[in-house]
Amino acid sequence: MDERTVRAQLYSLLAARLYQPDDAAWQAICSGKWAGAVRTSLAALELSLAVPLSLGACPEDAARRDYWRAFLDPARRVRPVESLFKVWTQDPTAELPLAGEKGWLGGDPAAHLLSLYTALGIAIPPELGYAPDHLALELEFMGLLVRHGTPEQQEQFRRQHLDWLPDLVEDARRREAPPSYIDLLTLVSAAVAARL
Amino acid sequence: MKEITRRSLLKTSLTTGSLLAASPLLDFSKWAAAAAEAPVEVRPSLCNGCSSHCGIQVHVKNGRVWKVTGHPDHGRAKGKICARANGVIGWLYDSDRLTQPLKRVGDSFQPIAYEQALDEIAAKLKAVLAKDGPGAVFYEHNPRETATFYAKRFMWAIGAPTVMAHDAACKMGMMVGFTNIVGAVPGSDLANSKYIMLIGRNPAEGIRTSVATALSTALQKGAKVVTVDPRLSASGALAAEWVPIRPGTDLALVLAMCNVLVSEKLYDADFVAKNSVGFDKFAAALAPYTPAWAAPITDIPAETISRLARELAAAKPNCVVDPSWKGAFGANYNNSTETARAVGALNALLGNLGQPGGLTFDAGAKFGSLDPAKYPAPKEPEIPRTDGAGVPGEYPLAPEEGLPHVVAQKAIEGKVKAGIIRHHNPVKNFPDTKHMTDAYKALDLLVVIDTHLTETAMLAHYILPEPSFLEREELVETIAGAKPTVATRTVVVPKVNADTHTFPEIIAGLAKRLGLEKYFNFTLDELNTARVAPLGLTLADLRAKGSLMLDVPAAPPGMPKLKTASGKVEFTSAKFAKAGFSEVPGWIPPKVMPDPKNPQSFRLIFGKQGYQSHSATANLPYLLQISKDYAADRLWMNAKRAAQLGIADGDWVVVKATTATGKIQVKVTERLHPDAVYLPGGYGNWSPYLTRAKGYGLNVGSFAPYQAEPMSGHAMTMESIVEIQKA
Numbered sequence: 000m001d002e003r004t005v006r007a008q009l010y011s012l013l014a015a016r017l018y019q020p021d022d023a024a025w026q027a028i029c030s031g032k033w034a035g036a037v038r039t040s041l042a043a044l045e046l047s048l049a050v051p052l053s054l055g056a057c058p059e060d061a062a063r064r065d066y067w068r069a070f071l072d073p074a075r076r077v078r079p080v081e082s083l084f085k086v087w088t089q090d091p092t093a094e095l096p097l098a099g100e101k102g103w104l105g106g107d108p109a110a111h112l113l114s115l116y117t118a119l120g121i122a123i124p125p126e127l128g129y130a131p132d133h134l135a136l137e138l139e140f141m142g143l144l145v146r147h148g149t150p151e152q153q154e155q156f157r158r159q160h161l162d163w164l165p166d167l168v169e170d171a172r173r174r175e176a177p178p179s180y181i182d183l184l185t186l187v188s189a190a191v192a193a194r195l
Numbered sequence: 000m001k002e003i004t005r006r007s008l009l010k011t012s013l014t015t016g017s018l019l020a021a022s023p024l025l026d027f028s029k030w031a032a033a034a035a036e037a038p039v040e041v042r043p044s045l046c047n048g049c050s051s052h053c054g055i056q057v058h059v060k061n062g063r064v065w066k067v068t069g070h071p072d073h074g075r076a077k078g079k080i081c082a083r084a085n086g087v088i089g090w091l092y093d094s095d096r097l098t099q100p101l102k103r104v105g106d107s108f109q110p111i112a113y114e115q116a117l118d119e120i121a122a123k124l125k126a127v128l129a130k131d132g133p134g135a136v137f138y139e140h141n142p143r144e145t146a147t148f149y150a151k152r153f154m155w156a157i158g159a160p161t162v163m164a165h166d167a168a169c170k171m172g173m174m175v176g177f178t179n180i181v182g183a184v185p186g187s188d189l190a191n192s193k194y195i196m197l198i199g200r201n202p203a204e205g206i207r208t209s210v211a212t213a214l215s216t217a218l219q220k221g222a223k224v225v226t227v228d229p230r231l232s233a234s235g236a237l238a239a240e241w242v243p244i245r246p247g248t249d250l251a252l253v254l255a256m257c258n259v260l261v262s263e264k265l266y267d268a269d270f271v272a273k274n275s276v277g278f279d280k281f282a283a284a285l286a287p288y289t290p291a292w293a294a295p296i297t298d299i300p301a302e303t304i305s306r307l308a309r310e311l312a313a314a315k316p317n318c319v320v321d322p323s324w325k326g327a328f329g330a331n332y333n334n335s336t337e338t339a340r341a342v343g344a345l346n347a348l349l350g351n352l353g354q355p356g357g358l359t360f361d362a363g364a365k366f367g368s369l370d371p372a373k374y375p376a377p378k379e380p381e382i383p384r385t386d387g388a389g390v391p392g393e394y395p396l397a398p399e400e401g402l403p404h405v406v407a408q409k410a411i412e413g414k415v416k417a418g419i420i421r422h423h424n425p426v427k428n429f430p431d432t433k434h435m436t437d438a439y440k441a442l443d444l445l446v447v448i449d450t451h452l453t454e455t456a457m458l459a460h461y462i463l464p465e466p467s468f469l470e471r472e473e474l475v476e477t478i479a480g481a482k483p484t485v486a487t488r489t490v491v492v493p494k495v496n497a498d499t500h501t502f503p504e505i506i507a508g509l510a511k512r513l514g515l516e517k518y519f520n521f522t523l524d525e526l527n528t529a530r531v532a533p534l535g536l537t538l539a540d541l542r543a544k545g546s547l548m549l550d551v552p553a554a555p556p557g558m559p560k561l562k563t564a565s566g567k568v569e570f571t572s573a574k575f576a577k578a579g580f581s582e583v584p585g586w587i588p589p590k591v592m593p594d595p596k597n598p599q600s601f602r603l604i605f606g607k608q609g610y611q612s613h614s615a616t617a618n619l620p621y622l623l624q625i626s627k628d629y630a631a632d633r634l635w636m637n638a639k640r641a642a643q644l645g646i647a648d649g650d651w652v653v654v655k656a657t658t659a660t661g662k663i664q665v666k667v668t669e670r671l672h673p674d675a676v677y678l679p680g681g682y683g684n685w686s687p688y689l690t691r692a693k694g695y696g697l698n699v700g701s702f703a704p705y706q707a708e709p710m711s712g713h714a715m716t717m718e719s720i721v722e723i724q725k726a
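Residue numbers (numbering that gives the first Met the number 0), protein chains in the order written: chain A, 0 to 195; chain B, 0 to 726.
Think of the hints as simulated: they come from the structure by calculation, not from any bench.
Certain hints may be false.
[Claimed, not checked] Here are some chain B residues pointing at chain A (derived, C-beta under 7 Å):
| id | residue |
| --- | --- |
| 1 | ARG6 |
| 2 | LEU13 |
| 3 | ALA33 |
| 4 | ALA35 |
| 5 | THR68 |
| 6 | GLY78 |
| 7 | HIS434 |
| 8 | LEU549 |
| 9 | TYR621 |
| 10 | ILE625 |
| 11 | TYR688 |
| 12 | ARG691 |
Please read these numbers as outputs of a predicted model, since none were measured by experiment.
Glycine included, C-beta positions come from ideal geometry on N, C-alpha and C.
For reference, chain A alone in the conformation it holds in the complex (with noise of 0.2 Å):
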């Protein structure tokens, strides 16, 4: 497989752990396949990360649960959405009193994602239409960055959309997130930082 392949599997892997996996996904990462398969990718791409064992195989019913009380849990779940994390609008002619807040949904960057899968093409889930900057779609949309685009659009996109991981993983973390998913978020941080 090459670099490029690798590498672009790699955001696939990350993100599928980070929205709704299906029962297939569920089977992988309760093996510990998807764990073993992202070990494999680090290693292939030469990338000195580790891959915490609270991410390999375990229980289904307890991966579920944990994955509810990360990302589902209305008291404490976190929100893996870009906007949520910046200034909604950057633009000072906005006058909502949100408009220079962070915690708000369709930000400048919603806004930024929504007009580009717009005019390439592409269709995100119904269900996700509150939010085209989760995370879990900006690493696949990164993955077809590293297939298609170039570095330069890689490292733009990154810089420009990914930059918000260390403020993520801080906010799992004050939200007592399941070890997994902090781990998990901790991760994918990491990898973006190393440039994957």
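Assemble the complex: chain A is given as a structure, and chain B must be docked to it using the hints.
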């Protein structure tokens, strides 16, 4: 790893060439610079911050909301908006918002496909209808044109008559009282009034900017404003006089003022003779209700009562005792319906109906309707309503807005099996949280249609999310006025979540699955076109303007023809007599009173704040921050009573009722009658899905028991005695 990576969230046939060509688009900085140059468009709509639906103009840039201003041609906005109108724009971009249909699985919710959800709901509804009949199904909402039209049509199509609104916890007593004595709920011409008495009403804080402006105009023109209220509200602070009445006794004050007007012959005898029936019986019944009689009941000196009546008489007919809304007698006490009837009588004695500064009886625009030959409408069901509203032997005087708390009781008794609730949170807003919770838990099917996962939605079997008010068009609405307003919502921004569906879409979807699609064989456009046709308007015109005020011929000055049986003021009511109540308004005491021997015993009253609406807005961060900045969730307590209990300003106390216990900080004040403690309504959410509002303040509804006022059946929300202890 194909088992994982084969599922791609991004569906694309992207190629290297297309990505290279799109390179400039990929640069966020370039995109932001180009986006900044885009024009700002102004699109009209109607606010959803409260039930008033004030006209707004939403400024939109690149498909995103940029600013909101008041619509100048809307009768309630008149170019102005309140804090809530700014705050509720946040719903559009709220991270707590529902994004897809949910189904209850055990104690939690799982996503479900929309079509699958409708299939399952329809199947369950069919089962209930087959086994228990249409009387076992109810519908409930905060009513506005769109849902009222579609819900009623749907419910009638399945043969179910029980369509209900929130009024039984809001203004039902006022509605029934006024409708029976003057034929309708009138307005007040505050701006032109010389003397305004506000009984419990607080226009400075709730809820329409146009009413607050009218009050301000009256003050500038020299009107005397008197507030009768256990609490010195923001309106009271503007008034010339605050009359701190014992809560629940407004009826005694009003009857005593009527007594003064009649016994001192200060009433408008000419008006009464020409425009009323039953005056003699009413006048005779007033004899015992002297100011001296009312003084110990109301805690207002007899001289004050006499003076207030004389001052009103001196200003007649350009004076008004405001009909109020929830205020002091909306749905609060055992005597609220009777208080409204008495306030109607008091205004009639002042001869102010149709007079400048008096009661107004404006109409809205007269809409057209769908051609029944082309669009068949279901017939009204013949079975009695399950809530007993209008049913002989139950609540014959209760109007069609219905009694959700009574339906809840019937659900507990196993007589009600299925319900649909839209944009309404009765578990929180009706008294007795346990009663409402037990009721909805007992149902075979509860469907909640809303934008957020409220306390009521937490009990649902299915939750169907709607687009927010900025993403949907609705039925054309009208507002009564000398120049009636005609207004509509438009799609201000495209739907953010594809998996949200409008109420008409949901209802039509359910109807189709129940084989009732013939009753929904029209589009919203066809319906709206039919509505505006008689007004000489086109839908396109209205959409472009959003709101306009019709130039209609001015009503002839003086007394209007009332919608009572006689067309006149009815001091005597045959309907009341037939239902087993007094033919003329008379004294009815509150149901409960604080224990005078117990220093910890108080009546719990509540009211509005200008920056919050019921339970709907507390989760919005900017509005919640206002509340926090002013510590607005505190329990008000009279300073003398607080001193007796050793409670200081800022202390934490335990509030204990038969139905609930809660802890809250105290605001010690001279601005409250000693018998009462006061809480603002709208706080105390416990839904974990409302992440910001959860746990802030106390929910007033939890502290009153389930009960129904005998006359109109409302929920008597302030017949609630609590004990206060220092925490």
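Against the structure, the hints come out as follows:
no.: 1; hint: ARG6; result: holds (6 Å)
no.: 2; hint: LEU13; result: holds (6 Å)
no.: 3; hint: ALA33; result: violated (9 Å)
no.: 4; hint: ALA35; result: holds (5 Å)
no.: 5; hint: THR68; result: violated (9 Å)
no.: 6; hint: GLY78; result: violated (16 Å)
no.: 7; hint: HIS434; result: violated (25 Å)
no.: 8; hint: LEU549; result: violated (32 Å)
no.: 9; hint: TYR621; result: holds (5 Å)
no.: 10; hint: ILE625; result: violated (11 Å)
no.: 11; hint: TYR688; result: holds (4 Å)
no.: 12; hint: ARG691; result: violated (10 Å)
Hint compliance for this structure: hints 3, 5, 6, 7, 8, 10 and 12 are not met, and every other hint is.
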